[in-house]
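Visitor: Letter by letter, the chains look like this.
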Amino acid sequence: MEEIAISAEGINKTYLDRTSMMRWKRRDIIKNFSYDFISGVIYGIIGASGSGKTTLANILSGFDKPDSGSLLYFGKPAGHSNKKIRNIFQDTFKFLNPLNSINWYIESVSKIISDRRIMEELLYTVGLDPKKFGTMEVEKLSGGQRQRLAFAMVVSQNPDILILDEPFSMIDPPNSMVLFSVLKKYLKGSTVIYIDHNLDRVAYLCDHVIAFDHGNIIEDGDTYSIFRKPKTEYVRKLMDASRSISSRLNI
Amino acid sequence: MQNENIILDARHLNFSYPDFSLRDINISVHEGRIYGILGITGCGKTTLLNVLNAGLKHGNGELTWNGGYYIDVLNRRRPNFVYVPQSAADSLDTISNVIDQIGKELKQRNMALDHDLLNQYLNMLGKDITMIKKKPQFLSQGERHLSVLLMAIMMRPSLIMMDEPTTSLDSAETLEFLDIVKRMAHDYHISFIISGTSPEVITYVSDFIYVMMCGMILEYSSTDDLARGPLHPYTEMILRRRPSLNTKNLTPFRFISECGDGGCPFLNYCPHVRDECRSPVDMFQYQSRSVRCVIWKR
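As they're listed, the protein sequences go chains A and B.
The numbers in numbering that gives the first Met the number 0 rise by one with no breaks, and the one at position 133 of the first sequence is 132.
The numbers in numbering that gives the first Met the number 0 rise by one with no breaks, and the one at position 192 of the second sequence is 191.
Looking at chain B on its own, in the form it has when it is part of the complex (with noise of 0.2 Å):
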């Protein structure tokens, strides 16, 4: 990991609605690589995204941005990133092709549509020109989600963002969107972060993984170690305790919806806590990992 392809460094993030928070958030993003965020749902993911979003757009000092930059059209310089929102695949214009509307996009970025681009790119996806040539009403729900995810490649960014991009589909169209954002990733060397709740969808597209709760990271680490070995209770909760046909016998937890306050988010459900949880808790670093857990502090 080499300092030169961290291409965003976010630095104790801090930002607040009048009814919930987030606090002192850590995230660097190296290029090619994929991050998730995973969390409960109101654990602060999409407000996360939001914020980097409009902070990259308009300049945070706590925000290092090395993705480059391109210009559009009214002159102004502009973070190379997209930022696609949930709701994204259900917005497209119903009264355009598919192509005219990514068209109308690039434009915006100054871009001309690239017809050579753009056929390596639907090679890659497996689909035909007549995909894209058909408005979206016509699409089946994974071919939408899946002009989304063209649409945003064909700005040539280095990052894209994306909030819950599976919600809506099938595992068999989910399994084949997520198998083309690990080949972008690699092929084509652009970064991803994408956010969910399921444990499945994330740790089976993401390289690193943050772990989110009451807008805390509660743990950082890789994919592999995440999966093999949860550090924080929390994340031990959310990889365990998923319905699935082996999990039919398991006692489920209570309903996890109030945080704790001041202290560890997850002290009200935890089954380790103990005084010191009640007080802010620190992140502590084991071998390349961190959590934020009183138990593997040292």
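If we strip away everything but chain A, and leave its shape as in the complex, we get (with noise of 0.2 Å):
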């Protein structure tokens, strides 16, 4: 029987939203939402922009906290578990120090990891080649520079679960498909959880998709059958949207 990598149970998450000066309304972000990521697959979420994506990544990687629910990774609660979960977010400042250089991260991730080519090698492969970008300070760096950075810092790493969040969002077609190859290259055998609005994007990488809206999970399956014959109105909309824009390219 294949593993279960995250097992996430009954999760809820509420915001409330100030509408006057002493007024509060409810948001469900995230309502009920149950599901078993298993071992090795890489799984891609999609939805319209405000459906929740952002807020699942952030309590599916621990960096909030939902109202309810339970969360285990690999059959063991949040800090009971051996196993490395990394995410990449769209914002890089989030974990980046600007003042910290190139080369003080290599150190640091080498501290880390077995072999340090490693992450000299991956560095190299995304466009940051270590002898002429080390001494290269991250507040100088562009935001799809850092967020390459971010890559080869969590790949190198070689975790068990890897979170990503619009990581490539500043980085254009052709460059994030290296990428995407370079991540399905290092990372065998890793649960990957990729979050995008970029439907092309989900398509190249993802082996099964997650459809989702205001909370819930609204279609789940394989990438090609979801792609191919979407069940739900709303999918549909977005697949036909996506198909129209590139309309004129697949000549």
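It should be emphasised that the hints constitute simulated quantities derived from the structure, not laboratory data.
Beta carbons: idealized from backbone N, C-alpha and C, even for Gly.
Honestly, I wouldn't trust all of these hints.
[Claimed, not checked] Listed next, the in silico DSSO-like pairs over lysine-lysine satisfying Cα-Cα at most 30 Å (straight line):
(1) Lys133(B) x Lys24(A)
(2) Lys132(B) x Lys230(A)
(3) Lys56(B) x Lys30(A)
(4) Lys56(B) x Lys83(A)
(5) Lys247(B) x Lys228(A)
(6) Lys24(A) x Lys132(B)
(7) Lys247(B) x Lys83(A)
(8) Lys247(B) x Lys236(A)
(9) Lys139(A) x Lys56(B)
(10) Lys183(A) x Lys126(B)
(11) Lys134(B) x Lys64(A)
(12) Lys181(B) x Lys236(A)
(13) Lys56(B) x Lys236(A)
(14) Lys24(A) x Lys126(B)
(15) Lys184(A) x Lys247(B)
(16) Lys247(B) x Lys24(A)
(17) Lys134(B) x Lys93(A)
(18) Lys133(B) x Lys30(A)
(19) Lys30(A) x Lys134(B)
(20) Lys24(A) x Lys56(B)
(21) Lys187(A) x Lys126(B)
(22) Lys230(A) x Lys133(B)
[Unchecked claim] Derived list of chain B stretches under chain A, where covered just means 3 residues or more per stretch with a C-beta under 8 Å from a C-beta of chain A:
(23) 137-143
(24) 211-222
From these two lone chains plus the hints, build me the complex, please.
Guide: Put into structure tokens, the structure is as follows:
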């Protein structure tokens, strides 16, 4: 039987919106989310903007606490698991210190991993040659370069679970295709949860797709079946829009 | 294509930062047309828009502007165009509602808020007036982008330049936004320059495309020609090697980050590279298209 990497059960998350001076309105972001993420599968989560994808990523990676529900990583609660869980978010300043150089990050990552050459090799493949960029500080890097540095740092640690929330939003399509293939090459056997509103990228990378709307799973299946035959109106609308936008290219 | 319809003409534009430069940019914009600037990240799209924005404001010998002028509050004569930077939709003021912000922007241009025109545009967007009576933080991401577009067209410009307008929208919102842009250009004869990294978005919305890399324009042609048969190997790579369901088994290129010194910027990655590529390459004309590649030299 397959091993379950993350088991989420009955996750709820509610935010309070201020509507006037004294009045607050409840906004349910995630409602009764239960799902078993199977080890070794690349999952893609799609949905319209505002559907709660980012909140889910925050909860799964432990950045945010759910109001109720339980999360088990390989059968153990967070903090008792010896598995490596890593994430890359859209906003890389969340975990990169602007004053440290790339060499500093190579040093600190190589204390954790067995072979420091993996990190250098990865940096080279993603276009940040340590010989050339090593002394650059993070604040001098562009948004896309920071996302690539974060990518190399995280992938070189070979995590068991990797949660990606629009990690390549500032990287163009041909180059992100390179990063996806690097991801597949280095992370064999890891569970990856990939979140993006660009359906083409999800289709390219993922084995299994979960469609998400207002905190509920509305469709769930392997990539080909979801993309070829969407069952719900909501998913069909997103697919059709994406297909019309690329219509002039598919001659 | 008649001469009087050209509203912006840039000839041999050069610009440099310490570590980046735009070289020999030629761009002309016709009335009511949509122009796309396509290129990988860091190719100089935003720099080019910034240079056009600044150059138009202060007057520049190589930039010709025929798009009309307006008089601002300080009685200065200013060219009638709008530049919408990438983060515009996220930098709306959160303490006042959208309609007040539109009024405030119009005041800068000595214009009063024309409610008939506003209703007409809202009709076209398919939105209600209640949308712009809200504060921006209560709007969805797509509505915020539409508000910014509405703000731009309420100034009645002849040209709107937008830097990656759809990167944070989902596919349904992107399609809605792009359709509105197309209708604006068609019905109200507003020209657009739209930059982006996504070949899907740029080919969908634009009539003509400039393909850029390392601060140079490598190819220019109409969108139909470009989508049917790209001339430059770089354009070919951008249009064909994009992640999608159909390219799942395609092996990607190497990571593209450096520019060739002096010669063609794509030479380190190009499958057709030859000796001539190492020295500066000129623009060649091929039918009504131009391409900066020695393959098309005659």
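Visitor: All hints, please: hold or fail.
Guide: Here's how the hints hold up against the structure:
Between the alpha carbons of Lys133(B) and Lys24(A) the distance comes to roughly 16 Å, so the proposed pair stays at or under 30 Å and holds. For the hint pairing Lys132(B) with Lys230(A), the CA-to-CA distance comes to about 36 Å; that exceeds 30 Å, so the pair is violated. Only pairs whose Cα atoms come within 30 Å are accepted, and Lys56(B) paired with Lys30(A) is rejected, the gap being roughly 51 Å. With a C-alpha separation of about 54 Å, the suggested pair Lys56(B) and Lys83(A) falls outside the 30 Å cut-off, and the hint is violated.
Restraint check for Lys247(B) and Lys228(A): the C-alpha separation of about 18 Å stays at or below 30 Å, so the hint holds. The hinted pair formed by Lys24(A) and Lys132(B) meets the criterion: a straight-line CA distance of about 19 Å does not exceed 30 Å. Restraint check for Lys247(B) and Lys83(A): satisfied, since their Cα atoms lie roughly 28 Å apart, inside the 30 Å limit. With a C-alpha separation of about 22 Å, the suggested pairing of Lys247(B) with Lys236(A) holds against the 30 Å cut-off.
Between Lys139(A) and Lys56(B) the alpha-carbon distance is near 29 Å, which keeps this suggested pair within the 30 Å criterion. A threshold of 30 Å between alpha carbons decides the hint, and for Lys183(A) with Lys126(B) the separation of about 43 Å lies outside it, so the pair is violated. Using a Cα cut-off of 30 Å, the hinted pair Lys134(B) and Lys64(A) holds, with the two alpha carbons roughly 29 Å apart. Simply put, Lys181(B) and Lys236(A) have alpha-carbon atoms about 20 Å apart, close enough for the 30 Å limit, and the pair holds.
Among the hinted pairs, Lys56(B) with Lys236(A) is inconsistent with the structure: their alpha-carbon atoms are about 42 Å apart, more than 30 Å. Proximity of Lys24(A) to Lys126(B) is assessed by CA-CA distance (about 24 Å); at most 30 Å being required, the pair is judged to hold. Between Lys184(A) and Lys247(B) the alpha-carbon distance is near 14 Å, which keeps this suggested pair within the 30 Å criterion. About 44 Å separates the Cα atoms of Lys247(B) and Lys24(A), which puts this hinted pair outside 30 Å; it is violated.
Between Lys134(B) and Lys93(A) the CA atoms are separated by roughly 27 Å; this keeps the pair inside 30 Å, and the hint holds. For the hint pairing Lys133(B) with Lys30(A), the CA-to-CA distance comes to about 27 Å; that is within 30 Å, so the pair holds. Taken as a hint, the Lys30(A) and Lys134(B) pair is honoured in the structure, with Cα atoms around 27 Å apart against an allowance of 30 Å. Distance restraint check for Lys24(A) and Lys56(B): the Cα-Cα separation of roughly 46 Å exceeds the 30 Å cut-off, and the hinted pair is therefore not satisfied.
Straight-line distance between C-alpha atoms of Lys187(A) and Lys126(B) comes to about 48 Å, which puts the hinted pair past the 30 Å bound. Of the pairs offered as hints, the one joining Lys230(A) and Lys133(B) is violated, with about 35 Å between alpha carbons and a cut-off of 30 Å exceeded. Figure legend: the region 137-143 of chain B, annotated as covered by chain A; annotation consistent (3 residues with Cβ-Cβ distances under 8 Å, at least 3 required). With 1 residues bearing a CB less than 8 Å from a CB of chain A, the region 211-222 of chain B misses the requirement of three and the coverage assertion fails.
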